[in-house]
Every structure is written in C-alpha cells, then in structure tokens.
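Visitor: Below are the chains, spelled out letter by letter.
Number of protein chains: 2
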Amino acid sequence: MSASIEKNVTVPRRVAIVGTGVIGCGWAVRALAAGAEVVAYDTDIETARRRLADTIDIAWPSMEKRGLAARADRQNWRVTDDLDDAVAHADLVQENVPEQLELKQEVLSNIDGATPPDTLIGSSTSGIKPTDLAAGCGHAPERIFVAHPFNPVYLLPLVELVGGDATTPETLDAAQAVYRGLGMRPLVVRREIEGHIADRLMEALWREALHLVNDGVATTEEIDAAVVYGAGLRWSLMGTFLTFHLAGGEQGMRHMLEQFGPALKLPWTKLEAPELTNTLIERVVAGCEHQAAGRSIAELEHRRDAFLTDLLALVEQYWPESERLPGRI
Amino acid sequence: MSASIEKNVTVPRRVAIVGTGVIGCGWAVRALAAGAEVVAYDTDIETARRRLADTIDIAWPSMEKRGLAARADRQNWRVTDDLDDAVAHADLVQENVPEQLELKQEVLSNIDGATPPDTLIGSSTSGIKPTDLAAGCGHAPERIFVAHPFNPVYLLPLVELVGGDATTPETLDAAQAVYRGLGMRPLVVRREIEGHIADRLMEALWREALHLVNDGVATTEEIDAAVVYGAGLRWSLMGTFLTFHLAGGEQGMRHMLEQFGPALKLPWTKLEAPELTNTLIERVVAGCEHQAAGRSIAELEHRRDAFLTDLLALVEQYWPESERLPGRI
Chain F
1 MSASIEKNVT VPRRVAIVGT GVIGCGWAVR ALAAGAEVVA YDTDIETARR
51 RLADTIDIAW PSMEKRGLAA RADRQNWRVT DDLDDAVAHA DLVQENVPEQ
101 LELKQEVLSN IDGATPPDTL IGSSTSGIKP TDLAAGCGHA PERIFVAHPF
151 NPVYLLPLVE LVGGDATTPE TLDAAQAVYR GLGMRPLVVR REIEGHIADR
201 LMEALWREAL HLVNDGVATT EEIDAAVVYG AGLRWSLMGT FLTFHLAGGE
251 QGMRHMLEQF GPALKLPWTK LEAPELTNTL IERVVAGCEH QAAGRSIAEL
301 EHRRDAFLTD LLALVEQYWP ESERLPGRI
Chain P
1 MSASIEKNVT VPRRVAIVGT GVIGCGWAVR ALAAGAEVVA YDTDIETARR
51 RLADTIDIAW PSMEKRGLAA RADRQNWRVT DDLDDAVAHA DLVQENVPEQ
101 LELKQEVLSN IDGATPPDTL IGSSTSGIKP TDLAAGCGHA PERIFVAHPF
151 NPVYLLPLVE LVGGDATTPE TLDAAQAVYR GLGMRPLVVR REIEGHIADR
201 LMEALWREAL HLVNDGVATT EEIDAAVVYG AGLRWSLMGT FLTFHLAGGE
251 QGMRHMLEQF GPALKLPWTK LEAPELTNTL IERVVAGCEH QAAGRSIAEL
301 EHRRDAFLTD LLALVEQYWP ESERLPGRI
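Chains F and P, in that order, give the protein sequences. All residue numbers for the first sequence refer to UniProt numbering, where the first residue is 1 and numbers rise by one. All residue numbers for the second sequence refer to UniProt numbering, where the first residue is 1 and numbers rise by one.
No wet-lab data here; the hints were simulated from the structure. Model, not experiment: these values are computed from the prediction. Where a beta carbon is used, it is the ideal one built from N, C-alpha and C, also for glycine. Some hints could be false.
Stated by the list, open to error - Below, a sample of chain F positions facing chain P; criterion: calculated Cβ distance under 10 Å:
1. 21
2. 53
3. 56
4. 259
Only chain F is shown next, with the shape it has when bound in the complex (with noise of 0.2 Å):
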C-alpha cells in the first residue's frame, strides 16, 4: 500500500466508550470532533460524566482550531451505567478499562455478547496481546482486536491496529477505514508482542531513564532537557531509523552502521542489542532506503532543516522559560 492509493474512510455513527479515564474520555473528544454520537460506559456514572465535561472543555478549542466535521457536537454525548445500552447500537466499541486481564477479558466477553457480529470491538491496552484479550469471548471473537492510541487521544493521531488468532483480516481494513474516520493514522502491526510497536519503544527509554535516575547521573529535569532541546525535536517528522540515516552522512544508514555499529556492543545503556548480522544490516539499509524514496541526504536534509527552523520558532513560544516555568538549562 503506498500513500498515494486513495484509502477508505468510514465516519462511524455511534463510538460507544467503555471506561472513562483519561484514555476514554479521549477517544470520546476524538469522536465527538469527527461527528460521531457517544454513548460511554461507567459503573459510576456521576464521576464519569465530570471527567468527559471536563476533558471536552479542555479539549474541545483545540479540535476547533483542527477543524471539526460538519455534524460535530460537543453535547452529541450520554453516559450509561448499562452496558447493553452503550453497545448495542454502537458501530465502534471501543474498551478503555484498567489494564488487568482479567478484567479486560470479561469486559470484552460482555461486550462481544452484547453486539451483533459486525461490530467492531477495540480495546486500548498498551501491552496487552489481542488473542489473551479474546480468550473469554465466544459470540464473534473475529471483530476484535486491539486499537492503542496515544495521549492526548484526541489530538495524537497514531493507532496500533494489532490482531489476535481469531481476527480477520476484513476486520483490520474495515477498523483502518474507521479510525481514518476518526481522523487517525492506523498503523497495522504485523504480529502481536507484548507492548506492541510504540510502547516497546518507549518503554525501552522510559526504563532506561529510570536507570539513570536511580543510579543518580541525572533528575528527571536533566533527561526531559536532553530529550527535549535534543533528539525529541527530530522525532516528530523523522523516526530513530531516518535520522540516523541523515547522521550517516552522504552513504547513509550503511555508513551509519559501518561506523556507530560497534557501539551496540558498549556499554551505552542496560538494554543488551541485537546482533549486527548482514541480515540485519540488509534489512536495516533497505528500510531507510525505501524510507527516502530516491531523494538524496541533501534533499532530504534540506526538508529536516527547512522543518527544524519552523518548529524552533514555534517551541520558544512554549519552552519552559517562555512561561518562566523554572528549568535548569
């Protein structure tokens, strides 16, 4: 699939949100922005109804400033101690509760029960995988999948789209189409892993900043500072493998690899690497190669630069000390 085939978008009608934490009370803005009704799920009822206000009004000028759908509205939006009446007329049920499986799997087991077959059941979970979700659900388990977002769920538009043993394949296409709808951009993963893609990722960086906490080498100002000033301004248009492709100079990644490759075997953080075979190598070079699509480092350069000077004059808008919020460097 490349960008430029045209992809199907399906707004969905109805998003019933099953659980309203911050997670839920998100994906609510997200569908209420993109026109949809939402019908959200909560034993206390009270409580679930202060958090969606809340977080609507926190959220809802900035999906102003997005660009709302023509039938968005704000008060399109109930809450339901039943859970019968959240799903049942629901084309997108989306699962939002504590991460404990258990729990998640009687959830789901309730839901599938509750929904004809074609509705669609995401559940949110960051690390859990699709088929341990489904174990419990024996009405139509081929609908269900995982669909991880991201927080703020209403303005971060990436979803992991994981299937489990049981889901189809026409599940996962008819989900890409209704989280397009909801203005996101479904990442299809190929295999289910614990954490799937993102969190791995993250993961891996939070874990590793725990470690220099604990071991005093920095506070947690110091590592925001050095991910903030640092590497996190390249990572909103370019991932790790891009931007090592552009620190590799005019080869590249094989350069890249050729030269920092033996650094995967010190000592640069807990995490042990992978090693660095020609498999790997291959594979490695011929992503990033894809990746620019023929344009030169120069090129490509040249598109990080013109990026990079935006975004500076955007953040010392927002950097701490334009708020004279108190910061060490």
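Position chain P against the provided structure of chain F, taking the given hints into account.
Guide: Quick look at chain P alone, frame taken from chain F:
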C-alpha cells in the same frame, strides 16, 4: 540555577574545528552564524573545504531565518592541515575526529600541547568518558571536557557538557557561557558515564528498534511511523517524565507509577528495569512536581494541547504525504 537568574554568555571570537565530518561541519556553521571566525583542521584539505562549503550552502538559509549575529559572515572560515595553526589562537577548540579512543587521545594531546592553558577544548564524542579522553594530556588537562552536540548541530540547541577527573568547575562555567554564546543550551552532566545522558536514551530506543526489525515484528518504516505520529510529537515539548506526569490523570506521576509501575516487570522491551523502590518513586514524583512548578495537570494539559495543535498544523506541511513520499500509514 533557575531560568530567572541571568546567565553568562560569551561569544567566542575564533573557534577551531578539528575534524570536518557531519558534526565538525555542523559546528562550523553554528560558530559562523554566531559571529565567530572558524579555522578548520583536517588532513585532506580539499575534501574538508568542499564539505564545509556544501554544509554552509545547505544550512545558511535556516541560519538566516533563525537570526544571524551582527558580525556573522558565512565566508569567515579557512581550512588548514597544520593543527598548530588551526588551534593556536582559538578561544574554543572543538574536536570531532572519528569515535576511536586512541585516535581522540592522540589528537587531544596534540591540541593540549599547542594551546595556552586557558583555551577551552571540547570533544564531540558521543560516548567516551572525558577522563579517558584526557588520559594523554600532560599540559593543561583541566580545560578539557566533553561537549556532545546533536545532528544537525547548527539547529539543535542541546549540548551535553561533561567534565573528567581533571576538569575544573571554572572550565565548565566558562564552557557554558561559550556554548550559550553559540546559541545553545548546555546541560552539565553530573557524572561521567558512557553515552552521557541523551545517547543512553537514544541508544536504548535504537537497540529496541533493532530488535523489532531483527525479530520481524516491524519494518524500519513502521517503527519510524510509530514514533513520528505518536510519542515523537510530544517529545519536542516535554520529555518522558513530564509526558507520563500528564498521563497519570489528576494525580500525575504518583498515580501513573501506581498504575503502570507493575508493567516494569512485563516483557515489553528487552531492557530490564530497575526495582521501583520507594526511594526511586519519591525521586521521580518530586522531580516531576518540581518541573510542574505548582501548575495543575489541567494547566499543563492546556499548554500541551495548544502546542500540539500548532505543531500538527506545522508538521502536516512536512509529513511524507505532503511531499508524496511513500508511506504505509
């Protein structure tokens, strides 16, 4: 030190660049834009001259947009293959030879011997400890330190300053002022470890990413997409700690550690996490609360959302599909 205190800024008159690869050329542009004279040393004068001219051509429009110093002159540089000539009258010598300990030791020893004891000597090493680098310097090792930048050096503001056993506090004070004079944000690292701070974080992410490619879980393009469209957007405003502080809901980091602390035991990455002791919890929570500076989660969310809304509008001008680069998602 807090942001409200005036900080010393010293613009160097002459900067010597030793080694003219991607990093050395990046330093040269940054120094020229700040109004300094640049003398670059390399053994192959013709190649060095071409690389420097090319880098200035690529980077100068960005530097003009960022704002040049009054004295900035893009032609105020020359290349020499005489190291003594390059460094003798510099205020700052920046060493950027390949990442090999013995080579760097030899070059730094030669620089040390060829400069008066008050010349600052910074090494761009991404991983080597400053004490090891200065092992062969018998003249004035107290003014030798690591000054580790990020590519592209002329735009990314972070520079990690790391002193070795011989480095004096006065050197690090003077170095901070000089790198501020080059428009940078110096982060003084509390103690020397391999990879300093930022590269430990990037290396953990990089190694995990290589594992994902090696295990056939994802392509380089999918991994880059998982960063670009998700966490990468947040990382230019907040690092990993403040990001998670906001993921914890109204209770911030303390709640986040309660909720996701157990996940540190899960196999979400190949990196083992430290034990989440009470000491570590308190250190992380106190760090985040200091960074929040008395602002509520809601206030921080408001600032994040306003930033992300502006950023999304910006990156949509640069993201692959806006240039018809191929992209799976």
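Visitor: Now look at each hint and say whether the structure bears it out.
Guide: Here's how the hints hold up against the structure:
A distance limit of 10 Å between C-beta atoms decides the matter here; for residue 21 of chain F the minimum to chain P is near 7 Å, and the interface restraint holds. Of the supplied interface hints, the one on residue 53 of chain F is violated, with its beta-carbon coming no nearer than about 13 Å to a beta-carbon of chain P, more than 10 Å. At its closest, the beta carbon of residue 56 of chain F sits 12 Å from a beta carbon of chain P; the interface hint therefore is violated under the 10 Å criterion. Checking residue 259 of chain F against chain P: minimum C-beta separation of about 7 Å stays under 10 Å; hint holds.
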